Amino acid sequence: MSWSPVVYDGGIKEYQIIRNGKQVGTSVTTTYKDTGLTGDTTYSYQIKAVANNGLISSLSAELSVKTNASGS
1 MSWSPVVYDG GIKEYQIIRN GKQVGTSVTT TYKDTGLTGD TTYSYQIKAV ANNGLISSLS
61 AELSVKTNAS GS
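Numbering (UniProt numbering), first residue to last: 1 to 72.
Note that these hints are calculated values from the structure, not bench results.
Note that the coordinates shown come from a computational prediction; the quantities given were computed from them, not determined experimentally.
It is possible that some hints are incorrect.
Think about it this way: if two alpha-carbon atoms lie no more than 20 Å apart in a straight line, the pair counts; the simulated PhoX-like pairs of lysine-lysine are [said to hold, decoys possible]:
hint, residue 1, residue 2
1, Lys-33, Lys-48
2, Lys-33, Lys-13
3, Lys-48, Lys-22
4, Lys-13, Lys-48
5, Lys-66, Lys-33
6, Lys-66, Lys-22
7, Lys-22, Lys-33
Have a look at the derived ranges for each label pair, beta carbon to beta carbon [to be verified]:
hint, residue 1, residue 2, range
8, Lys-66, Thr-31, 16 to 26 Å
9, Val-7, Ser-44, 19 to 29 Å
10, Ala-51, Gly-25, 15 to 25 Å
11, Gly-39, Tyr-8, 36 to 46 Å
12, Thr-29, Gly-54, 15 to 25 Å
13, Gly-11, Ser-44, 21 to 31 Å
Idealized CB from N, CA, C, for every residue including glycine.
Kindly produce the complete structure, drawing on both the sequences and the hints.
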């Protein structure tokens, strides 16, 4: 998945990836590949930006995605 970058004067350290309400990973870029998903299942994703000074953004809008039968 990918998203638009957050612009912040102090810079962005990383993005936290939230799946179904739980953090599942981080990314220093604006892309993330989730793995180990179950086929034919709907997942909800949100992103938080973490600034270099430790400030954390509010959650992004939710994106719902349904995997195909093979889990990708």
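Here is how each hint holds up against the structure:
no. : hint                         : verdict
1   : Lys-33 to Lys-48             : 16 Å, holds
2   : Lys-33 to Lys-13             : 18 Å, holds
3   : Lys-48 to Lys-22             : 12 Å, holds
4   : Lys-13 to Lys-48             : 11 Å, holds
5   : Lys-66 to Lys-33             : 14 Å, holds
6   : Lys-66 to Lys-22             : 17 Å, holds
7   : Lys-22 to Lys-33             : 16 Å, holds
8   : Lys-66 to Thr-31: 16 to 26 Å : 20 Å, holds
9   : Val-7 to Ser-44: 19 to 29 Å  : 25 Å, holds
10  : Ala-51 to Gly-25: 15 to 25 Å : 18 Å, holds
11  : Gly-39 to Tyr-8: 36 to 46 Å  : 37 Å, holds
12  : Thr-29 to Gly-54: 15 to 25 Å : 20 Å, holds
13  : Gly-11 to Ser-44: 21 to 31 Å : 28 Å, holds
Of the numbered hints listed earlier, not one is contradicted by the structure.
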